[in-house]
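Undergrad: Letter by letter, the chains look like this.
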Amino acid sequence: MTKPMATREGYGQALVELGRRNERVVVLDADLSKSTQTVRFAKEFPERFFNAGVAEANLIGMAAGLAASGFIPFASTFAIFATQRAYNQIFQSVAYPGLNVKIGASHGGITVGEDGASHQAIDDLALMRALPGMTVLVPADAHEAYQATLAAAEWEGPVYIRLGRPAVPLITPPDQPFTIGRIQVLREGDDVTLAACGHMVKVALEAAEELERRGYKAAVLNVSTLKPLDQETLLHWASRTGAVVTVEEHSIIGGLGSAVAEVLSEECPVPLIRLGVRDTFGQSGKPQELLHHYGLTADNVVEAAEKIIKRKGGKNGQSDT
Amino acid sequence: MLLAKLNASGEYRELERKASLIRQHVIRMLMHAGSGHPGGSLSAVDILTALYFRVMRIDPENPQDPDRDRFVLSKGHAAPALYAVLAERGFFPVSWLESLRRLGSPLQGHPDMRKVPGVEMSTGSLGQGLSVGVGMALAAKLRGSGCRVFVLLGDGECQEGQVWEAAMAAGHYRLNNLVAIVDRNRLQIDGETEKVMALEPLAAKWRAFNWSVIEIDGHNFEEIVPALERVGYAQKPTAIIAHTVKGKGVSFMENQVDWHGVAPTKEQGLQALKELGGR
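Protein sequences, first through last, are from chains A and B.
Numbering-wise (UniProt numbering), the first sequence opens with residue 1 and increments by one.
Numbering-wise (UniProt numbering), the second sequence opens with residue 1 and increments by one.
Some hints here could point you the wrong way.
To be verified - Covered by chain A, per the in silico footprint, the following chain B stretches (three or more residues, Cβ under 8 Å):
| no. | segment |
| --- | --- |
| 1 | 130 to 144 |
| 2 | 158 to 171 |
| 3 | 252 to 264 |
To be verified - When the alpha-carbon atoms are kept at most 30 Å apart in a straight line, the in silico DSS-like pairs for lysine-lysine are as follows:
| no. | chain 1 | residue 1 | chain 2 | residue 2 |
| --- | --- | --- | --- | --- |
| 4 | B | Lys141 | B | Lys115 |
| 5 | B | Lys141 | B | Lys236 |
| 6 | A | Lys286 | A | Lys34 |
| 7 | A | Lys312 | A | Lys286 |
| 8 | B | Lys141 | A | Lys43 |
| 9 | B | Lys205 | B | Lys141 |
| 10 | B | Lys205 | B | Lys195 |
| 11 | B | Lys141 | A | Lys34 |
| 12 | A | Lys3 | A | Lys307 |
| 13 | A | Lys227 | B | Lys115 |
| 14 | B | Lys236 | A | Lys43 |
| 15 | B | Lys236 | B | Lys205 |
Derived from the structure by calculation, the hints contain no laboratory data.
Since this is a predicted model, take the numbers as computed values, not measurements.
Note that beta-carbon positions come from the ideal geometry of N, C-alpha and C, so glycine has one too.
Required output: the full structure, derived from the provided sequences and hints.
TA: Printed below as a string of structure tokens:
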């Protein structure tokens, strides 16, 4: 098997591919090109790479000006700076005019690790989701990040792509084209639906295996497009299993859990447990330690799944006629 | 030589007449709307008139020409002046002007590029236009286009940190196709700029960011036009500090901070129109 890879690496490789395919693609960074992996593009296409320096507001504004002139800019920095330092710029200069700016935001979530809370974006998905017309992608592995980046370039309008720092196992096929707005069903099951995004998809898959050993069949959904949300697939599995657990490396306020809750409460009110960062800040630590501390391991998912299956009145499989 | 000068002064008189007409539109629009920003619209009228009726290479019949010059109204609250200029220049019917700020109108309180032909960027939140201008100027260089990018900023707006992020980038990338014009009317919402948050020495600030700086009388076409046409000579971006009068052209609005964001009543509007040579 291929060894684990960070989603930001898939992004960086895709940018190089896009640079070859389309001369309208330009890349901008704010002094983090090695971390965001835009350095690969910068080396190959220096004339189409612009460093804004440590100036995120201007990074987004420059990208907007390039987009208004017909280019397809990918603007990159850490997720926390892209969304928080330049939120009004993204609102005013990108989302409101609907400009074709792609924001490649690396170091999302708590698995940034040792740098601590100041560098751990746990509300970026909430902020981006709230912007009218913004498309929000959260690839699960480097393969998907690669494909999602290619898809973002084809998509007309602003796109936010959340990427991660640590190497994570590859769970999606390398050549599978990314369809924006479609949930991928990685496992089918009748007892509970595990809906996850980003690094947590792998965790949900591990949990589903453990649940199977315990006699439960879990459906696993890779919600790699958080917005526009694939309501049809979500509702199908929510209604079939009658119970949903969401897992995200993000605050439970405003991200995947909220998005799923919004749809379910209006269309298919089934029991729901949201796993994520519970209205608190991150801290320094090793990524695995942090996931354990904030309750985002496969064990935590198994525990939540068993609890919610009990709450809805037991597994579905036995009651089938 | 003398003849050219005489022709130019004749043309400048034509621009003055046009500017007066634009000012009348601004007053009428604000009267109809019952809200908006007269002070900073009137101070910017002559600069906008020079840009759209003399300096910029634009074609209302072909507003998406990739090689057109670009204008970004970073001080988006001067939208009435921009709308009036665009309408008079033929980008959309003059009859649209009376719909300013009405529900469903393309003429939003601040410019929306998706709704108004000729508007190159949606603005309103101060401090962002110059960054967009930097992106447009970079795009022109990449495409090998000779088009130029003009950005109009308010002086109070220069208190936004992002303006200086953009200024630094423009100097760094030697964007000699980029012009920043500062509408230096010396007033902002809370009072005099130098009392609220001093900007001086303003020219020195732009110079320190590697810009070529010109200071002009922003109501004198003999100074405005040559300054705007100087773009591209230095291997640097150009900053034009245009000394202006807030509320210019209407005696009771001139230099009065309270006319920043208040529309004239019907009575005041008619008085203003009389002063501007309207009906």
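Undergrad: All the hints need checking, so say for each whether the structure fits it.
TA: Results of checking the hints against the structure:
1. 130 to 144: holds (count 13)
2. 158 to 171: The restraint on the segment 158 to 171 of chain B holds, since 6 of its residues have a Cβ under 8 Å from chain A and three suffice.
3. 252 to 264: violated (count 0)
4. Lys141/B / Lys115/B: holds (28 Å)
5. Lys141/B / Lys236/B: holds (13 Å)
6. Lys286/A / Lys34/A: holds (21 Å)
7. Lys312/A / Lys286/A: At roughly 36 Å apart (the allowed maximum being 30 Å), Lys286/A and Lys312/A break the hint.
8. Lys141/B / Lys43/A: holds (20 Å)
9. Lys205/B / Lys141/B: holds (25 Å)
10. Lys205/B / Lys195/B: It holds: about 18 Å lies between the C-alpha atoms, which stays within 30 Å.
11. Lys141/B / Lys34/A: The given pair, whose Cα atoms are some 26 Å apart, holds under the 30 Å limit.
12. Lys3/A / Lys307/A: violated (34 Å)
13. Lys227/A / Lys115/B: At roughly 25 Å apart (the allowed maximum being 30 Å), Lys115/B and Lys227/A satisfy the hint.
14. Lys236/B / Lys43/A: At roughly 26 Å apart (the allowed maximum being 30 Å), Lys43/A and Lys236/B satisfy the hint.
15. Lys236/B / Lys205/B: holds (15 Å)
Hints 3, 7, 12 from the earlier list are contradicted by this structure; the remaining hints agree with it.
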